[in-house]
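Visitor: Those letters in the sequence shown? Residues 15 to 579, by the working numbering.
Hints listed in this document are in silico derivations from the structure and should not be mistaken for laboratory results. Note that the coordinates shown come from a computational prediction; the quantities given were computed from them, not determined experimentally. Just so you know, not all the hints are guaranteed correct.
What the hints assert, rightly or not - Here are the simulated lysine-lysine pairs, DSBU-like style, with alpha carbons at most 35 angstroms apart: (1) 242 x 504; (2) 530 x 392; (3) 442 x 398; (4) 254 x 504; (5) 456 x 442; (6) 398 x 242; (7) 120 x 160; (8) 451 x 254; (9) 274 x 160; (10) 398 x 274; (11) 254 x 290; (12) 504 x 430; (13) 274 x 242; (14) 530 x 242; (15) 200 x 256.
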Amino acid sequence: MGVSRKRVSKAEGQSGGSAAKDTRPALRAVQAGETVPKRRASRSATLPPAPEDRTLDYAASREELRGIEPGEVVLAVEELRGFREVVLPSLEAADAARLAPRPGEKKRRGQRPKFFALDYWRFEMLRRVIASQSTVHTRDWLTTDKAERTRELLGFDKPRPHGGGKPQRWMEGVPSDSWVSDFRLKWLPEAELAALMQQLERWALTEKLTSVPGAREECRVLYADGSKLETHATAPIVKKDKDGNVIEVVNEWKKGRDGKKVPAITAPEAGYVPNKGRNADHSGHGWNIVMVMSSKGTVLAPRNVPMHAGENTTLIEMVPEVGQVLRTLGGADGGGPERDGQELRVLSTDCNFHSHELRRELREIGIIENTHLSSHAKRPSSKKDAKERGGKRYPIDRHPDWFLNGHRELVCACGKGKTSRVASIQPKTGKATARLKGECPKCKSVTITSGLWMQTDNASSKFQQCLPHDRARVEWDVGNPLTFNDPLSKAYGVARFNGQEGAFGSQFTQRFGLLKSKRWFYRQSQVDLEVAAVVTITHALSLERWRRMGEPKAAEDENAQAIAA
15 MGVSRKRVSK AEGQSGGSAA KDTRPALRAV QAGETVPKRR ASRSATLPPA PEDRTLDYAA
75 SREELRGIEP GEVVLAVEEL RGFREVVLPS LEAADAARLA PRPGEKKRRG QRPKFFALDY
135 WRFEMLRRVI ASQSTVHTRD WLTTDKAERT RELLGFDKPR PHGGGKPQRW MEGVPSDSWV
195 SDFRLKWLPE AELAALMQQL ERWALTEKLT SVPGAREECR VLYADGSKLE THATAPIVKK
255 DKDGNVIEVV NEWKKGRDGK KVPAITAPEA GYVPNKGRNA DHSGHGWNIV MVMSSKGTVL
315 APRNVPMHAG ENTTLIEMVP EVGQVLRTLG GADGGGPERD GQELRVLSTD CNFHSHELRR
375 ELREIGIIEN THLSSHAKRP SSKKDAKERG GKRYPIDRHP DWFLNGHREL VCACGKGKTS
435 RVASIQPKTG KATARLKGEC PKCKSVTITS GLWMQTDNAS SKFQQCLPHD RARVEWDVGN
495 PLTFNDPLSK AYGVARFNGQ EGAFGSQFTQ RFGLLKSKRW FYRQSQVDLE VAAVVTITHA
555 LSLERWRRMG EPKAAEDENA QAIAA
């Protein structure tokens, strides 16, 4: 039976959660009884161990945070240094603008306001803490008996007599719907509040990484994944040509109730992905929220992109930001010797993130990627694809007794060889280096250094070291010791599934309601505000937990020991 000799594209393994099949020919049939080499004597002490304790610092099950009042969470956010440095001056400026005389007035007429910018800020933060999606629901919750302590903490229990008009139906201390709406539109617009919240989130992350004990070790194992945030609004549905250029917006107009054409697109900044039957979790109208997390769920870098944007492309754009965050854990400039921040780190993703460009960029900031060409899912199609890749054999130039299978794992001719992983970080540049070494008494030895090998276009599909003019064709997964069947790689993958998927489910979906269901989002600024607010709350809860432990000095000592280690 003929075998296709087409090269595998860079997008291999990015559709439907299951990697695309490797269509390159298998050069040699697997011999009877032949197995993948035994695993695995590590020759490197720089790769971090798979994390065992993956409990989130901000989890509600933590003893210090058990039974914490929503109002206490809001006040924990106000304890952040970023709130004092960034948010509070903006709130004071908004109050000053409200109280300033209007054109033609010497002093502002009318009654002094009963509510101020800080009340609006607390109301908006409380809405995210209790996972409310509307002002009305938040006010309803505030007027219940279970909110009594929160009203006291936030100052919403103080009588603030109504200045005229109809008598208030609700408690005098709670802002009305009209006041919240008026303040949101006139004095602290949504886009401005979103920008403030994003700045506060970055300040809070820096404060957490530099003060919480164990943050340095926590950030040695990282995870990256995306999750959709679907909207009830309608995003543009575009038609593209063969080159990927947009030639038409399919749903620009629709028929109104009177039969006339009316604009159909209500969320022009959102994206759209059609449901082709097997991608229900990644289809619809809305945005894709890509997050890079630490092993304990600390969000190091969030990015909100239209749903049709590629996850691996988005993560490539996030790499410089991730590098800047990780330098926070080192010395003042993030450089210097190993103990000042040069530590080898691992980033685990699913197969949708496979990209040679992404792998190259991660190596530049000292990270080795744990990403495979096949999915570890238990679906029959995924198992079949993984088995087919494991059965392929590609020859290696100048090493006639060694081969690479479809997972880029070393296999010797006799099948009795052993492989070992070698990884290090260059102290001067901070770049990560990865090697895969094979040893066999009969087949000799081979060392494959990642970043130096490419595959030929001819019928042999041989792997050979590339020349300088062929550097663009380098396949960075060749030589990466964290292969599909490597036990350490599997341990990282299990930790990612439990850690990041757990954080998405328990925190961002159930606890804070960010990803729970479709939302009424029409603008990018709404999404930016919501995501930044929820992530800020998680940082504030982590810091609040350590404050409640009453051991700030112990935390500082532990950080100092981790840096010196």
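Visitor: Now look at each hint and say whether the structure bears it out.
Guide: How the hints compare with the structure:
{"no.": "1", "hint": "242 x 504", "verdict": "holds (26 angstroms)"}
{"no.": "2", "hint": "530 x 392", "verdict": "holds (25 angstroms)"}
{"no.": "3", "hint": "442 x 398", "verdict": "violated (44 angstroms)"}
{"no.": "4", "hint": "254 x 504", "verdict": "violated (39 angstroms)"}
{"no.": "5", "hint": "456 x 442", "verdict": "violated (39 angstroms)"}
{"no.": "6", "hint": "398 x 242", "verdict": "holds (28 angstroms)"}
{"no.": "7", "hint": "120 x 160", "verdict": "violated (46 angstroms)"}
{"no.": "8", "hint": "451 x 254", "verdict": "violated (45 angstroms)"}
{"no.": "9", "hint": "274 x 160", "verdict": "violated (50 angstroms)"}
{"no.": "10", "hint": "398 x 274", "verdict": "violated (52 angstroms)"}
{"no.": "11", "hint": "254 x 290", "verdict": "holds (17 angstroms)"}
{"no.": "12", "hint": "504 x 430", "verdict": "holds (22 angstroms)"}
{"no.": "13", "hint": "274 x 242", "verdict": "holds (33 angstroms)"}
{"no.": "14", "hint": "530 x 242", "verdict": "holds (10 angstroms)"}
{"no.": "15", "hint": "200 x 256", "verdict": "violated (46 angstroms)"}
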